[in-house]
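Taking the hints into account, I'd like the entire structure generated from these sequences.
Each chain, written out:
There are 2 protein chains.
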Amino acid sequence: MATRDRRPQRRNQVLSREQIIDAAIGLLDSGGEGALTVRALSERLATGSGAIYYHVGNRDQLLDTATETVITSALETESSQAVATPEEEIRRVALALFDAIAEHHQWLATRLTLQIVRNPAGPVTVEIFERIGRQVGALGVPRASWFDATSTLVHYILGAVSQNARMDGDTSGIQPDMDREEFFDATSTAWQELDPENYPFMHAIVGQTKQHDDRDQFLTGIAIVLAGLTHLR
Amino acid sequence: MATRDRRPQRRNQVLSREQIIDAAIGLLDSGGEGALTVRALSERLATGSGAIYYHVGNRDQLLDTATETVITSALETESSQAVATPEEEIRRVALALFDAIAEHHQWLATRLTLQIVRNPAGPVTVEIFERIGRQVGALGVPRASWFDATSTLVHYILGAVSQNARMDGDTSGIQPDMDREEFFDATSTAWQELDPENYPFMHAIVGQTKQHDDRDQFLTGIAIVLAGLTHLR
DNA sequence: CACCAAGTTGGTACGACGCTCCAAAGCGTG
DNA sequence: CACGCTTTGGAGCGTCGTACCAACTTGGTG
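Order-wise, the sequence lines are chains A and B. First residue of the first sequence? That's 15 in the numbering used here, and the numbers climb one at a time after it. First residue of the second sequence? That's 15 in the numbering used here, and the numbers climb one at a time after it.
Hints in this document: simulated from the structure, not taken from any laboratory. Predicted model, so just to flag it, every value in this text is computed and none were measured. Where is the CB? At the ideal position from N, CA and C, for every residue including glycine. Be a bit skeptical, because a hint or two may be false.
Simulated coverage check for chain A against chain B, where a stretch passes if three residues somewhere in it have a Cβ under 8 Å from a Cβ of chain B [to be verified]: (1) 134-147; (2) 168-175; (3) 198-211; (4) 221-232.
Short derived list, chain B residues pointing at chain A, Cβ under 8 Å [what the hints assert, rightly or not]: (5) Gly-147; (6) Ser-165; (7) Leu-208; (8) Thr-234; (9) Leu-243.
Using C-beta positions, here's what the derived DEER-type ranges look like [stated by the list, open to error]: (10) B:Gln-225 x A:Thr-86: 29 to 37 Å; (11) A:Glu-196 x B:Ala-158: 22 to 30 Å; (12) B:Arg-31 x A:Ala-98: 50 to 58 Å; (13) B:Ser-202 x A:Ala-204: 42 to 50 Å; (14) A:Val-52 x B:His-69: 29 to 37 Å; (15) A:Ala-65 x B:Val-52: 26 to 34 Å; (16) B:Ser-30 x A:Asp-230: 41 to 49 Å; (17) A:Thr-223 x B:Ala-152: 18 to 26 Å; (18) A:Leu-29 x B:Arg-132: 29 to 37 Å; (19) B:Arg-132 x A:Ala-54: 21 to 29 Å; (20) B:Arg-73 x A:Asp-199: 25 to 33 Å.
Quick look at the structure:
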């Protein structure tokens, strides 16, 4: 039944778990979540699917591990700075997440929220909560409100970061930055073409959207939530 | 293969687009995003895949249409009340989204953020922004900050709502069958078993998580953001 | 009525996917 | 050298989205 015909020419270097994860992140960044297939991974690493499944059990686990790797790395590089005010520290963590997701497209945003929902005891959730929560305590928020305050901050941060994430491009035709601008203009004109009687607010803000910076707006949102927290006392 | 013998006994009632969408929502609610397959849909509707693709072009479009249907329905039923303060109106919209996603599991949360990111000119995005934005204006926020203020609110609402969404009955969880309560207890004990020196905050809040209500916490978060907005003046 | 073009349906077929399984190949130890 | 344990490459299975098509229904025209 099985034809034996093998001359596989084994690789000189052993396949490691880190190599698989790095290659997976590369695939995810280049083509979104749909680009991470075991077959593409096998080809890029010049191996078979069996070897991959031997090191990482699952496609889902691989996605989780990739997310964990990127997020913990982003949080580590940020924590090496000198101490500052609680507000500054919260801004640091938030911007680290913002930049990480801006760099790695939308698969990271989707997967991060998914991991927080499904695995609240995992290192990603715990690290983010702990990092933010300590500063909430230092802000002077009463102990009874620590959980609510921290949850609100985390909810805002992840919500903003998810909605600012760039889309995954499966289009391999034009420049990605060019698409970004065109997409933005198309949104503006579409908002302008709305019925002004039913959508007066959209008409009022369409001018502000054209010259806004996502990062600045994100920081403004953080400032708003922080201002609300001090009012909680 | 050469000769076809057919007498397929056509259905007495015609297949409509609404039937397909309703059946799709049913499948999504019962088994998560993975349960919506064209084959399962065909079987439930007692038809073939061709008929489905004739009415809805794509699985992706079907998902988008399903989210749009659920969200606009949730926003409509909420708007029939009498007028109230801007804060109250914002709470209404937020709770309508919260309840809709709580009712329809996590597929709706994921798909809603996806739609806002990919299709900012679509009716879902526009409706949510317009509904919230008007109240932001009525709150007394200066016109130059309308866009930032509304974005902050929407980011928080969708972030909180996504992270509070119940998990789908999907495989990938560590434990396959775990009801809400067990999952919650497991999280609490996992947090308690963390190293107290490295994670003092998690230990401090683990007591609060045991007796907290998601809906109340969501409203607290809304109040915090609103308080921060009044501080913006 | 017959006839026909457009609209609609049920089902088959194809390529790609995740994943299981297993023989073969490397590797350490005697 | 031989022998177990680890690791690899790839074939095969079941399922998916969906393109495609022949058959059927419908509505209009003579």
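Of the numbered hints stated earlier in the document, which are not met by this structure? none
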